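Trainee: Chain by chain, the residues run as shown.
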Amino acid sequence: MRLNILIGGKAGQGINELASIITRALAATGYYVFNYREYGSWIAGGHNFNVICMSDKKTGSIDYDYEVVLALDDKTLETHKKDIKKDCLIISEKNVEVKNEKVRNVYFAAALFKSLCISKEVLLKEIERKFKGKALYEDDIKAVEESYKKEYGKKINCKKEGKPKLVMGGNEGVAMSALDSGLNVYFGYPMTPATGVLTMLAQAQKNPENKHFVFEPENEIAVANMALGASFAGKRAMVGSSGGGFDLMTEALSAGGIMELPLVIHMSQRGSNSTGVPTYTGQGSLNDVLYSGNGEFARVVLTCGDSKEAWDKTREAFYFAEKFNCASIILTDKHIVESDYSFDDFKKSNVKITEREIKLGKEIIRTSSYEHNEKGHTTEKAEEIAASIKKRVVEKIKNIEKEARKFEMYKVYGEGKNLIVSYGSNKGAILDAMDDLKDLKYLHLLYLEPFPEEIIKELEKAKQVFLVEADALGQVAGLIRQKTGFKIEDKNKILKYDARAFTPKELIAELKRRLK
Amino acid sequence: MEITTKEEISWCPGCTNFFIKKSVEDALKNLIAEGYKQEEFVMVTDIGCAGKMYDYLNISGINALHGRTLPTMIGIKIGNPHLKVIGFAGDGGTYDEGMDHFIHSCRYNNDMNLIVHNNQVFALTVGQATAVSQIGFKEKTHPFGVKERPINPIVLALESGATFVARANSLDIQGTKEIIQDGIKHRGFSFIEIMQPCITFFDNREILKKNSYKISTMNKEDAIKEAKKWNYEDNGKIPIGIFYKENRETFEDNYDILKI
Chain A
1273 MRLNILIGGK AGQGINELAS IITRALAATG YYVFNYREYG SWIAGGHNFN VICMSDKKTG
1333 SIDYDYEVVL ALDDKTLETH KKDIKKDCLI ISEKNVEVKN EKVRNVYFAA ALFKSLCISK
1393 EVLLKEIERK FKGKALYEDD IKAVEESYKK EYGKKINCKK EGKPKLVMGG NEGVAMSALD
1453 SGLNVYFGYP MTPATGVLTM LAQAQKNPEN KHFVFEPENE IAVANMALGA SFAGKRAMVG
1513 SSGGGFDLMT EALSAGGIME LPLVIHMSQR GSNSTGVPTY TGQGSLNDVL YSGNGEFARV
1573 VLTCGDSKEA WDKTREAFYF AEKFNCASII LTDKHIVESD YSFDDFKKSN VKITEREIKL
1633 GKEIIRTSSY EHNEKGHTTE KAEEIAASIK KRVVEKIKNI EKEARKFEMY KVYGEGKNLI
1693 VSYGSNKGAI LDAMDDLKDL KYLHLLYLEP FPEEIIKELE KAKQVFLVEA DALGQVAGLI
1753 RQKTGFKIED KNKILKYDAR AFTPKELIAE LKRRLK
Chain B
100 MEITTKEEIS WCPGCTNFFI KKSVEDALKN LIAEGYKQEE FVMVTDIGCA GKMYDYLNIS
160 GINALHGRTL PTMIGIKIGN PHLKVIGFAG DGGTYDEGMD HFIHSCRYNN DMNLIVHNNQ
220 VFALTVGQAT AVSQIGFKEK THPFGVKERP INPIVLALES GATFVARANS LDIQGTKEII
280 QDGIKHRGFS FIEIMQPCIT FFDNREILKK NSYKISTMNK EDAIKEAKKW NYEDNGKIPI
340 GIFYKENRET FEDNYDILKI
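Line by line, the protein sequences give chains A and B.
Be aware that the first sequence starts at 1273, since it is given in the numbering used here, and climbs by one per residue.
Be aware that the second sequence starts at 100, since it is given in the numbering used here, and climbs by one per residue.
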């Protein structure tokens, strides 16, 4: 069973929170779930929606084909008319009787669970977890009881007593992993889709067990330079932003390179370029994170295809930053950070992060944005410059490349003669599409710098190699060619640049058309 | 431990930065004699002639990016609030490239000290106009002379909430030293602008000698009035001294995790 549930309403109505509750309650019954959020650049009034895919099999995607619709406003049914299946289960103001407007959404959630033949207990448990102790908690419970008593017409039997699945959002994967990795300071300036991590870490300061500090300064230039200062003082420092905000950080990225200061950067891609499409997704900033900055310096660029990988790679980002005194970039996109993924279990990454010896305050230490000798003093002498660059660039990059081989730099899924290559959030749709395709493997890249050149064996072995990428130019194919010499033919590039994530349905169609 | 390094000094012979360096050295020596620890001083320097202090003072530090002295200082202070952080930057780095950081730093009130070597010119790039160059100042990139009015950073700092605002005259080594000592001792963000004739590109030594007069600390309203008396042109009297001092909770005071 695989159901796509649309939950639509007005911005400000709490659509995302409602979807989050439903997602977690469904996972508690044993379903795999994927919760996708789509919203525009507005605060109140515009149309927002979430799509939850619930499935017996592991899933990381949705299709715009709805078997169930929760319409919290009139516009939902109208807007999504063409994507609503004929015999769709529709829960709307027409059949939900809201007796208490303050907890309106809860009536809809209970109506859904009733219609899916799932016990109200799982929903009540999730509501308890989320709202217990809050002002409207009693009203919430009453709303579930009242709403669950009613009948709503069509029913789909989704009764299940499976092993509960764990749900984790992409933002959570990055933010909580950072805390678990010993984050001391986080600097950020609000920019969708990177704001989630900033908010989560800021809120986490309220927990007295956490000892980190979060600050939101005047702009991303200050963000990045403050982080360098804190790193110099010996702290594990992290920053986060999206396209334009990251651009403002790139002079500090270069500076951190020459100063050799550890820094973790979360870069979350949005759609298109410049201001682009802020609340939508894309992968057009790959070259930006790989090549931005002036001069040559060591950097690490890691990616992830779901929230668990976000957790693991964020930790590895700290590992490399602290061990090699360099910048580590964890590259995500809107589709990863604002989606919820489900897992059978969750084992925390146990990569041990090097403890730096803190010398500042005890002895005289220096570092500089100007070329400098071993003592940190400015130099313009040819032999000192060359020695410095050899150590800081040539040798350090070699050492990082060697070290990276201790980690999972890519994964291969499936069996077959043909191969899909991709990275990041496309993973979910690709794996789900592969259920309907034969003779196909998926090579999922996780390390982009350093790059696993050894993938050449897989590329050369394959009958056909396809690229799936959410940009217009196929940037990762360019990287693959640069690093391995392997050229993915243009006709085999499946590119999408409408700021939406791939869906299995469209990938199946694109791949079937190309598979020989 | 020596207060200076043995690095070769690359300022122009006769540069007024030598005076500033002497004032800073003397101030640091006095403070160390009073119990401050040399290892706990951390400087952040900008790029330009002022930034060269990085190589000459024997204290820890970062020679940061142009214009980014202040955020780098704040980062260090957040990283370890026990450190005594001092910034050395020019007028270009502070009032042009880094103006946003300057205004916000006055607001934040971190317990740290910014020294601006104000020579009213981009000197190391050989003489272009900055935000405090005089109207009519002619150089290679302004062949018709500067048309835009200079910013008054003292007024700006006062209005933006800085808790220690001073102007020093680099030619007065003793006076400058005293202001620097007071600035470093001040709890909160102290901003000291040192008027520093550039003997190569903007030599106003005689004007500075002739037009300077000493002020004593006053209330904010009067301080703003006093600061407005000089608009960085040659024809006005130049107030020198500490305009304003205020005890306000520092950035670090406001967050438990940073409190000392």
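Keep in mind the hints are simulated off the structure, nothing from the lab.
There may be inaccurate statements among the hints.
Unchecked claim - Listed next, the in silico DSSO-like pairs over lysine-lysine satisfying Cα-Cα at most 27 Å (straight line):
| id | chain 1 | residue 1 | chain 2 | residue 2 |
| --- | --- | --- | --- | --- |
| 1 | B | 358 | A | 1647 |
| 2 | A | 1631 | B | 336 |
| 3 | A | 1634 | B | 128 |
| 4 | A | 1653 | B | 136 |
| 5 | B | 358 | A | 1759 |
| 6 | B | 327 | A | 1631 |
| 7 | A | 1662 | B | 284 |
| 8 | A | 1634 | B | 309 |
| 9 | B | 358 | A | 1663 |
| 10 | B | 328 | A | 1634 |
| 11 | A | 1634 | B | 324 |
| 12 | A | 1483 | B | 128 |
| 13 | B | 105 | A | 1647 |
| 14 | A | 1631 | B | 344 |
| 15 | A | 1631 | B | 319 |
| 16 | A | 1647 | B | 121 |
| 17 | A | 1634 | B | 246 |
| 18 | B | 105 | A | 1478 |
| 19 | B | 309 | A | 1631 |
All values reported here derive from a predicted model rather than from experimental measurement.
Trainee: Decide, hint by hint, whether the structure agrees.
Mentor: Hints, verified against the model:
Distance restraint check for residue 358 of chain B and residue 1647 of chain A: the Cα-Cα separation of roughly 32 Å exceeds the 27 Å cut-off, and the hinted pair is therefore not satisfied. Taking the CA atoms of residue 1631 of chain A and residue 336 of chain B, the gap is about 47 Å. The hint is violated against a cut of 27 Å. Simply put, residue 1634 of chain A and residue 128 of chain B have alpha-carbon atoms about 18 Å apart, close enough for the 27 Å limit, and the pair holds. Taking the CA atoms of residue 1653 of chain A and residue 136 of chain B, the gap is about 33 Å. The hint is violated against a cut of 27 Å.
Among the hinted pairs, residue 358 of chain B with residue 1759 of chain A is inconsistent with the structure: their alpha-carbon atoms are about 57 Å apart, more than 27 Å. Distance hint between residue 327 of chain B and residue 1631 of chain A is unfulfilled; the C-alpha atoms sit about 44 Å from each other, more than 27 Å. As the CA atoms of residue 1662 of chain A and residue 284 of chain B are separated by approximately 42 Å, the hinted pair breaks the 27 Å bound. Between the alpha carbons of residue 1634 of chain A and residue 309 of chain B the distance comes to roughly 45 Å, so the proposed pair goes past 27 Å and is violated.
Between residue 358 of chain B and residue 1663 of chain A the alpha-carbon distance is near 39 Å, which puts this suggested pair outside the 27 Å criterion. For the proposed pair residue 328 of chain B and residue 1634 of chain A, the alpha carbon gap of about 45 Å is over 27 Å, so the pair is violated. Distance restraint check for residue 1634 of chain A and residue 324 of chain B: the Cα-Cα separation of roughly 44 Å exceeds the 27 Å cut-off, and the hinted pair is therefore not satisfied. Taking the CA atoms of residue 1483 of chain A and residue 128 of chain B, the gap is near 36 Å; set against the 27 Å cutoff, the hint is violated.
Between residue 105 of chain B and residue 1647 of chain A the CA atoms are separated by roughly 12 Å; this keeps the pair inside 27 Å, and the hint holds. Proposed proximity of residue 1631 of chain A and residue 344 of chain B is contradicted: the alpha carbons are some 33 Å apart, above 27 Å. Only pairs whose Cα atoms come within 27 Å are accepted, and residue 1631 of chain A paired with residue 319 of chain B is rejected, the gap being roughly 40 Å. This hinted pair checks out: residue 1647 of chain A and residue 121 of chain B have alpha carbons roughly 23 Å apart, not beyond 27 Å.
Of the pairs offered as hints, the one joining residue 1634 of chain A and residue 246 of chain B is violated, with about 49 Å between alpha carbons and a cut-off of 27 Å exceeded. A threshold of 27 Å between alpha carbons decides the hint, and for residue 105 of chain B with residue 1478 of chain A the separation of about 49 Å lies outside it, so the pair is violated. The straight-line distance between the Cα atoms of residue 309 of chain B and residue 1631 of chain A is roughly 47 Å, outside the 27 Å bound, and the hint therefore fails.
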